[in-house]
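Chemist: Sequence:
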Amino acid sequence: MSTPQNDPLQQMETTCGLLLHELQIIWDEVGECDTERDKMLFEIERECLEVYRRKVDQANRSRAQLRQAIADSEAELAAICSAMGERPVHIKQSDQNKGGLKMELRAIVPALEEMQKRKSDRKNQFIEVAEQIHKIKNEIFRFTSTSMVVDESDLSLRKLEELHTELHSLQKEKSERLKQVLDHLGTLNSLCSVLGMDFKHTISEVDPSLGESEEIKNISNDTIQNLAAAIQRLQEVKLQRMQQLQDLTTSMLELWNLMDTPIEEQKIFQNVTCKIAAKEHEITEPDMLSVEFIAHVEGEVSRLEELKASKLKELVLKKRSELEEIYRKTHIVADSDSAMSIAIEAIESGAVNAASVLEQIELQIAQAKEEAFSRKDILDKVEKWIAACEEECWLEEYNRDENRYNAGRGTHLTLKRAEKARALVNKIPAMVEALASKTKAWENERGTIFTYDGIRVLSMLEEYIYLAGRKELERKRQRV
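Each number in the working numbering comes from the position in the sequence shown (counting from 1) with 1 added on.
Heads up, some of the hints might be wrong.
[Said to hold, decoys possible] Using 27 Å as the maximum straight-line C-alpha spacing, the simulated DSS-like pairs for lysine-lysine come out as follows:
{"#": "1", "residue 1": "173", "residue 2": "138"}
{"#": "2", "residue 1": "136", "residue 2": "160"}
{"#": "3", "residue 1": "280", "residue 2": "268"}
{"#": "4", "residue 1": "385", "residue 2": "370"}
{"#": "5", "residue 1": "382", "residue 2": "472"}
{"#": "6", "residue 1": "385", "residue 2": "330"}
{"#": "7", "residue 1": "382", "residue 2": "441"}
{"#": "8", "residue 1": "175", "residue 2": "160"}
{"#": "9", "residue 1": "173", "residue 2": "160"}
{"#": "10", "residue 1": "385", "residue 2": "441"}
{"#": "11", "residue 1": "477", "residue 2": "441"}
{"#": "12", "residue 1": "180", "residue 2": "136"}
{"#": "13", "residue 1": "330", "residue 2": "280"}
{"#": "14", "residue 1": "385", "residue 2": "319"}
{"#": "15", "residue 1": "385", "residue 2": "472"}
{"#": "16", "residue 1": "382", "residue 2": "319"}
{"#": "17", "residue 1": "124", "residue 2": "103"}
{"#": "18", "residue 1": "276", "residue 2": "370"}
{"#": "19", "residue 1": "417", "residue 2": "428"}
{"#": "20", "residue 1": "428", "residue 2": "472"}
{"#": "21", "residue 1": "120", "residue 2": "103"}
{"#": "22", "residue 1": "56", "residue 2": "40"}
[Said to hold, decoys possible] Here are the computed distance ranges between Cβ atoms for each label pair:
{"#": "23", "residue 1": "367", "residue 2": "470", "range": "38 to 44 Å"}
{"#": "24", "residue 1": "129", "residue 2": "181", "range": "26 to 32 Å"}
{"#": "25", "residue 1": "272", "residue 2": "205", "range": "26 to 32 Å"}
{"#": "26", "residue 1": "460", "residue 2": "366", "range": "24 to 30 Å"}
Worth flagging that the hints you see were computed from the coordinates, not collected in a lab.
Beta carbons: idealized from backbone N, C-alpha and C, even for Gly.
All chains, full assembly: derive it from the sequences and hints.
Modeler: What follows is the structure, encoded as structure tokens:
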């Protein structure tokens, strides 16, 4: 219990008494009458009462606000605990007179803030799971509603676990649907590849979103059903085209057998003939059943049909072309008159002398192949020598260019070529000597001259040696 010296009320009474005594002294000196003194004292008492009354009212309001804040905090704390499925938090002071309402409120606020934070975190967990659920449902059921609204009255772990269970179930269903869509797309891609169709255009007709990006966004029932329908439609097209191609292949094999078509020509369509008895799932090659490829086979069958009527003419022309190609590759000037006479004879005579005409052409082809084999080594050397001569001509032009050392775009590449050209030109004399030796040996062995595009190779070498000598004399004259 406080001492009298420290009692605020007693101190205030003492202070008021001293002031009143001082006021009495002043009134005595002034000569204030008792009426005026009573009036002033009454006024002082009234003003003091008003001040006290205001302070008391203010203190009452403050106490009521504190009590309401405490009640609201306790109610919110209880509501949060209830929503989160936890036991209520009880915070009471052991001695309510010690510390009062403010201390009681201060004791509740930290617990309330902690629970508010936990509620916010829990709510965010609910929102995250709910949004994932909503997103997957949109993908599966094609919802167009806004995102899910979280019921804040039940944020318990039990409810969160229920949402997680629902999410896992939806994720599994999504994974299964995604696999189903991917399988359908894979089948469609294979069918489009075999049929020569545009895969992206095909799936865009099923669902435009499927062709917009690599990521699959639509796994709805409609999309899966439409993909299955597209697969069935393309499988029917595949079966129809298979039958069409197999009919064409049968006709083509009959025509080949009829006209003894060479194996080399048949190999072009080997991928078709080997599938003549194939089942639907065995045909997987790209464009195997495309409109263009079937038209290509149709064209071959049509060609063979036409060939039936002019087989002899076509065979003669083909053999003649083969003979001319051998002559071209080996740089032999063929006797065009005799080749043409054989072709004309085959065309005009029909099937009368067919065997002898074809035999003569085959004999010429065999002789040409034999000669081509014997000429190969020398031809390689001739072509290397001609290439070296071309580099020599380029080098001469390069050396005559006064600006060849000026810096410019590609100068370093030209310099490198010039270095390689000089090295090659230095080898020409040895190349000429070796080529001349080989050619003379060949001519002596066979008793005939070796020509290159109708010109004797030894004559070409002699002319080169002569011209090279003249160029060397001219260079010496210029140096003098």
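Chemist: Against this structure, judge whether each hint is valid.
Modeler: Consistency of the hints with the structure:
1. 173 x 138: Holds, at about 12 Å.
2. 136 x 160: Distance ~19 Å between residue 136 and residue 160 Cα, so the pair holds.
3. 280 x 268: holds, 21 Å
4. 385 x 370: holds, 22 Å
5. 382 x 472: The given pair, whose Cα atoms are some 23 Å apart, holds under the 27 Å limit.
6. 385 x 330: This hinted pair holds, its Cα atoms lying about 15 Å apart.
7. 382 x 441: The hint holds at about 14 Å.
8. 175 x 160: holds, 22 Å
9. 173 x 160: holds, 20 Å
10. 385 x 441: holds, 18 Å
11. 477 x 441: violated, 32 Å
12. 180 x 136: holds, 18 Å
13. 330 x 280: violated, 45 Å
14. 385 x 319: violated, 32 Å
15. 385 x 472: With a Cα-Cα distance of about 21 Å, the restraint between residue 385 and residue 472 holds, given a limit of 27 Å.
16. 382 x 319: violated, 31 Å
17. 124 x 103: violated, 31 Å
18. 276 x 370: violated, 36 Å
19. 417 x 428: It holds: about 17 Å lies between the C-alpha atoms, which stays within 27 Å.
20. 428 x 472: Given that 27 Å is the threshold and the Cα spacing comes to 17 Å, the pair holds.
21. 120 x 103: holds, 25 Å
22. 56 x 40: Measuring from Cα to Cα gives roughly 25 Å; hence the hint holds.
23. 367 x 470: 38 to 44 Å: holds, 43 Å
24. 129 x 181: 26 to 32 Å: holds, 27 Å
25. 272 x 205: 26 to 32 Å: holds, 30 Å
26. 460 x 366: 24 to 30 Å: holds, 28 Å
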